[in-house]
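> Here is how the chains run, residue by residue.
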Amino acid sequence: MVRERRDLYSLPDAPLASRCYSHSKVETDEEFDARWVTYFSKPDIDAWELKKGMNTLIGYDLVPEPKIVDSALRACRRLNDLASAIRILEAVKDKSGPHKDIYPYLIQELKPTLTELGISTPEELGMDKL
Amino acid sequence: MLHLKLGRVGCLLTRRAMVALTDSGARLSTHGHHEVSDQLDMSQPMYWDRLDTPLPDRPWKDVLDATDKSLKQKEKGPWSALSKEEKIALYRLKFNHTYPEMKRPSQEWKTVIGGMFIFFGITGLVVIWQSFYVYPPQPPTFGEDWQAKQVQRMLDMRINPIEGFSAKWDYEKKQWK
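Chains A and B, in that order, are what the protein sequence lines are. For the first sequence, my numbering begins at 1 and goes up steadily by one. For the second sequence, my numbering begins at 1 and goes up steadily by one.
Heads up, a few of these hints could be off.
[Stated by the list, open to error] Restraint-style ranges between C-beta atoms, simulated for each label pair:
(1) A/ASP128 <-> B/THR123: 25 to 35 Å
(2) A/PRO43 <-> B/SER80: 16 to 26 Å
(3) B/ALA81 <-> A/PRO104: 23 to 33 Å
(4) A/GLN108 <-> B/PRO105: 21 to 31 Å
(5) B/MET116 <-> A/ARG78: 52 to 62 Å
(6) B/ASP65 <-> A/LYS100: 33 to 43 Å
(7) A/ALA34 <-> B/ASP65: 37 to 47 Å
(8) B/THR123 <-> A/GLU124: 46 to 56 Å
If you are wondering where the hints come from, they were derived from the structure by calculation, not from laboratory data. Every residue gets a Cβ at the ideal spot worked out from N, C-alpha and C, and that includes glycine.
Bound conformation, chain A alone:
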């Protein structure tokens, strides 16, 4: 997936800068993904942290990997928040923009989690139409 440089001020626990003129390490895609999966996997994550994490993630110039979305959906389950889970799916679909093949891939990868947690996609609920 195509990505731009990440910013320094993303989260309190993000120590790495990735500007070209710095001499510090550039974060790899795997490290980025792992960091976000860990963020959402916090067992006692609270609603604010979920909100902050999702809004920050959607602010980046990328579509999150399925494993990050999976972690976020499980966080919604721990918070008993189905509405936010559906909202997250809508948001990642919107992030893919003109690339119509990203969202179906995401849903395909997330299908086991969606069935396990009982999350319906916006399409299943008829909410993808006006």
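Using the hints, position chain B against chain A.
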């Protein structure tokens, strides 16, 4: 950093707009039993529908009645036990517009173009009125006779005879080339 900061600044700027747009539905739903003030309390967490902010600071409907509360209780159990309508209801409790609803096209462009043409028209009328009532009389140098004599004088003086004005006049045949 830039795109995040801009998002936040844009967020702050749109708050003024959001005051008008977060309709009375939002205000009424938050001021259940408190006294209803005319102005939206901007010191409280606000709700807004933004494509880049999927989870706003507060849910759409704050004040829940008994049915909503029982639905919220059911949400704590397995979600596969919820019907489609219940899931949609839970979504609508937390959010106002879905993403497609946020992205729906408006007819505003017609108002804009129409308003533009109205103003062009008014300006046109002003210009026409002006040409009758404001402009002084035309100088005599614009008249047909004067212009003809002026051209003849220029030809007699051989104005630009090589490449320009008089070069285009045929002095033998007394006509333009």
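> For each hint, tell me whether it holds in the structure or not.
Hint check:
1. Between A/ASP128 and B/THR123 the C-beta distance comes to about 46 Å, which lies outside the given range of 25 to 35 Å.
2. Separation of A/PRO43 from B/SER80 is about 22 Å and conforms to the stated range, judged on CB atoms against 16 to 26 Å.
3. With their beta carbons about 27 Å apart, B/ALA81 and A/PRO104 fall inside the hinted range of 23 to 33 Å.
4. The hint said 21 to 31 Å for the Cβ distance between A/GLN108 and B/PRO105, and at roughly 30 Å that hint holds.
5. Separation of B/MET116 from A/ARG78 is about 53 Å and conforms to the stated range, judged on CB atoms against 52 to 62 Å.
6. For the pair B/ASP65 and A/LYS100, the beta carbons lie near 40 Å from each other, so the given range of 33 to 43 Å is met.
7. As the Cβ distance of A/ALA34 to B/ASP65 is approximately 43 Å, the hint placing it in 37 to 47 Å holds.
8. Range check, B/THR123 to A/GLU124: about 55 Å between beta-carbon atoms, so the 46 to 56 Å window is met.
Of the hints listed earlier, the one the structure fails to meet is number 1.
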